[in-house]
Amino acid sequence: MRKLNLHKSQVFFCLMVAFMSGIFIASVLPVPQSLISVILIVAIIGLTVVTYQRTFKNDDLGIYRRRLFAILFFSIILFSIGAWYFNKYNAKHGFVKEVADRNIEVVFRGYIDGESKIQGQAQTYVFRVKEIILPKYGIITDEKILVTDRLFPSRQYGEFLVLAGKPKSPDGLDNDSYVNYLKTQGVTGTLFFPKVLGDEKLHISSLEKIVINSYEIIFRIKNRFERAISQSMPEPNSSFVGGILLGSRQSISSDLKNDFNKTSTTHILAISGYNIAIVSAVFLSLLIVFVRRKIAFWVSVIGIIIFTILTGASASVVRAAIMGILLSFANGYGRLYDQKISISLAALIMILLNPFVLTFDIGFQFSFLSVLGIAYMYPVLRGKLGKIKGPETIKETLFMTLSAQIFVLPLAVYYFHNFSLVSLPVNILILPFVPLAMMLGFTAGIFSIIWPLLGKIVGLLAWALTSYQIWVVRYFASLRYSNLSVDLGLWAIVFVYAIIIVLTIIGTRSINSKENNGINT
Amino acid sequence: MESILRDQKIRTGHIAIFLCLSVFVIATTAIARGQDGLLKVYFLDVGQGDAELIVTPSGQQILIDGGPTNQVMDELGIIMPFYDSTIDIVLATHKHSDHITGLMSVLDKYSVSKIVDTNRGHDTSEAKEWQIRKELEGSELMVAKTGDEFDFGDGVKIKILYPDTVSVDYKTKNPNNDSIVAMLEYGSLRILLMGDVELPVEKEILSKKINIDADIIKIGHHGSKTSSGIGFLNVVSPIVGIIEVGAKNSYGLPSDVVLSRLETLAIKYYRTDVDGTVKLSSNGKYFKITK
Chain A
1 MRKLNLHKSQ
11 VFFCLMVAFM
21 SGIFIASVLP
31 VPQSLISVIL
41 IVAIIGLTVV
51 TYQRTFKNDD
61 LGIYRRRLFA
71 ILFFSIILFS
81 IGAWYFNKYN
91 AKHGFVKEVA
101 DRNIEVVFRG
111 YIDGESKIQG
121 QAQTYVFRVK
131 EIILPKYGII
141 TDEKILVTDR
151 LFPSRQYGEF
161 LVLAGKPKSP
171 DGLDNDSYVN
181 YLKTQGVTGT
191 LFFPKVLGDE
201 KLHISSLEKI
211 VINSYEIIFR
221 IKNRFERAIS
231 QSMPEPNSSF
241 VGGILLGSRQ
251 SISSDLKNDF
261 NKTSTTHILA
271 ISGYNIAIVS
281 AVFLSLLIVF
291 VRRKIAFWVS
301 VIGIIIFTIL
311 TGASASVVRA
321 AIMGILLSFA
331 NGYGRLYDQK
341 ISISLAALIM
351 ILLNPFVLTF
361 DIGFQFSFLS
371 VLGIAYMYPV
381 LRGKLGKIKG
391 PETIKETLFM
401 TLSAQIFVLP
411 LAVYYFHNFS
421 LVSLPVNILI
431 LPFVPLAMML
441 GFTAGIFSII
451 WPLLGKIVGL
461 LAWALTSYQI
471 WVVRYFASLR
481 YSNLSVDLGL
491 WAIVFVYAII
501 IVLTIIGTRS
511 INSKENNGIN
521 T
Chain B
522 MESILRDQKI
532 RTGHIAIFLC
542 LSVFVIATTA
552 IARGQDGLLK
562 VYFLDVGQGD
572 AELIVTPSGQ
582 QILIDGGPTN
592 QVMDELGIIM
602 PFYDSTIDIV
612 LATHKHSDHI
622 TGLMSVLDKY
632 SVSKIVDTNR
642 GHDTSEAKEW
652 QIRKELEGSE
662 LMVAKTGDEF
672 DFGDGVKIKI
682 LYPDTVSVDY
692 KTKNPNNDSI
702 VAMLEYGSLR
712 ILLMGDVELP
722 VEKEILSKKI
732 NIDADIIKIG
742 HHGSKTSSGI
752 GFLNVVSPIV
762 GIIEVGAKNS
772 YGLPSDVVLS
782 RLETLAIKYY
792 RTDVDGTVKL
802 SSNGKYFKIT
812 K
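Protein chains in written order, with this note's numbering: chain A, 1 to 521; chain B, 522 to 812.
Heads up, a few of these hints could be off.
What the hints assert, rightly or not - Restraint ranges, calculated between C-beta atoms of paired labels, are given here:
hint: 1; chain 1: A; residue 1: N103; chain 2: B; residue 2: Y604; range: 54 to 60 angstroms
hint: 2; chain 1: A; residue 1: S154; chain 2: B; residue 2: D669; range: 31 to 37 angstroms
hint: 3; chain 1: B; residue 1: G805; chain 2: A; residue 2: P391; range: 51 to 57 angstroms
hint: 4; chain 1: A; residue 1: F290; chain 2: B; residue 2: G534; range: 23 to 29 angstroms
hint: 5; chain 1: B; residue 1: K678; chain 2: A; residue 2: Y215; range: 50 to 56 angstroms
hint: 6; chain 1: B; residue 1: G534; chain 2: A; residue 2: F495; range: 43 to 49 angstroms
hint: 7; chain 1: A; residue 1: L424; chain 2: B; residue 2: A787; range: 51 to 57 angstroms
Just so you know, the hints here were simulated from the structure itself, not pulled from any lab data.
Small disclaimer: the values here were computed from a predicted structure and weren't measured.
Using N, Cα and C, we set each Cβ at its ideal position, and we do this for glycine too.
Turn these sequences into a full structure, and let the hints steer you where they fit.
Following this line, the structure appears as structure tokens:
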């Protein structure tokens, strides 16, 4: 009999998957609390039985079986804990829900808790409600609502406001994907075009005040920097540079966004591990000269956190930030960095913070799929196709893009019913120049603040390079057969993923055995 | 290993330098070809709103309105030379959001020498914001009124045909009828820019007996049937009409009534929702329109 020899990290991975399955199942199907309790009790009894000394013999096979069953029952326990955790999080009480959908005017006091986004002829922002005022009484609370407001005046983070309007609860809206988006944002209600007044007298704790003030400073720096970039080169290049540096897609015109979607290149506008890696590398290399590794680690952690706040802390940024911190920890403290543990840990932390992201946040799913692709598929491609002749940079871009794309594509097809035929050539043509474009754009922005003329000179270089990239994207998007419209059901996608996983496992095994042979001979 | 890595970096760098140079070559040839001593008027495709850029033979730039979003920035990015971050005059016909919202981004990015609008405000958030941004810009501010004339040299002139200035306590009934109406003249070429004015203002202009005969007309109010009366069009007697309108707009513009009036009078028309940005170039005698 062939034994399944599970390594410690594989056990950890297995338990993680069990926990996440619990959360996933609970978020797509209503799982009653009583059922969870029953499963939990059965699993605990099972665990007690298998770990009891006399259940299995004390020979090799017995120990092996005991271990395997213990892992199985432990997984079931974690599965039910996952389901329970989701239910508990989902049932969190909110006062806004109580007053919503009643067609009565409610007054909210609080502050703007995020950057406002322009959407057509309106702006939207997340508003942190500290007080709900009803005709007869008031409620002190601490929850978030999404406000749709008139375009002007432009609202800033941290503004204290009094809003009066008729709130709606997210569940009352028809648009499913929008409801899911609100859930992942932790929003308990929505408010459309309220009456807005300034609020100077709202009382909040001094800790909250400190947080608001420091966020305000960060956003002010960001705005100043974005304006500097905008003044150092023409559109749409300056928006593009803003996108690759700070992930701000606001000012990119919908036409160009569409072209990025058509060529599957939107990912370069979304901040990802790539950008975080560059930021932390810059911080580390600057610091390592002056300070010790450990101090450099803490400074780069602060750098990554500020960068995460700057870019709006979307799922992909948070994922990359956690992994980036783990990586610089390994560097700073001389520990071994295991990419797979790092991926699992990042996922676990994010799901614990907000279990909705697993099922409802497309960005979360894409981000983890692509990083899994690079972790598992990249070595296979490298091993199998690495011998093909060609410039190293292009080969690396090719394999990286391919491995991430293979993992992301089926889900992207499922969500967007669209398959880009030009994705690969476009990515190869523009990706190698993204770091340089980032660097030139960043320098142009900094110079432009200090001395506008110098900013413009560097800006010209950034403009030229990004012009090339934008041109490539526009050209390929304009081709007639750049896109195929594909409609696949959920089961077809599951099937495709099963094939991809099996192929990856086979590929990894054959490469590992090849390497082992190499060592033996 | 390291030397290989360094080699690769150099290779990517070389390609990048080559690409940058080619972009510069292409861009500068295009700019050089553009300096042909002609007057150019671009009716920009900015969605459901108005924006027109005038470039005089000597290269002065006049931007009239900015559309409802910052799409105007992309259009300017394509048309203006890449090193140019100044605009000579920004003119806001009136304070509706489909005319001034884009202008606010323009003021953010470009340094503007002169801002022209009317003193007819109204009480909306975008009009207030415009007032604030305008004063922050630090450019020369000017209120346009009937009879004003801007001379750009080379024989290019813009004459303001409407409106008159009003007292401070003026309350508007319809901001569209507060729009600036202007005539752009170059040699014998005349272009009438109608803003959003509606039939009552057309009547008023007709009653003043000023010369409104023109070769080209920017159709008033995005081709709405509240503007472009047949009598008015008859007096203007243009050869070409241009409608600034957004694709699939919720107002159902341009109105069929206006389109059929244009057809009856044999006025050839272009519309930005179908044709995209419409470019007119002229030597002051003949003109050419390209899409």
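Results of checking the hints against the structure:
At roughly 57 angstroms, the beta-carbon separation of N103/A and Y604/B lies within the given 54 to 60 angstroms, and the hint holds. Between S154/A and D669/B the beta carbons are some 32 angstroms apart, a value that agrees with the proposed interval 31 to 37 angstroms. Between G805/B and P391/A the Cβ separation comes to about 55 angstroms, which falls inside the hinted range of 51 to 57 angstroms. With their beta carbons about 28 angstroms apart, F290/A and G534/B fall inside the hinted range of 23 to 29 angstroms.
Separated by about 52 angstroms at the C-beta atoms, K678/B and Y215/A satisfy the suggested range of 50 to 56 angstroms. In this structure the supplied range 43 to 49 angstroms holds for G534/B paired with F495/A, their Cβ-Cβ distance being about 45 angstroms. Roughly 52 angstroms separates the CB atoms of L424/A and A787/B, a value that falls within the hinted 51 to 57 angstroms.
Of the numbered hints given earlier, the model fails none.
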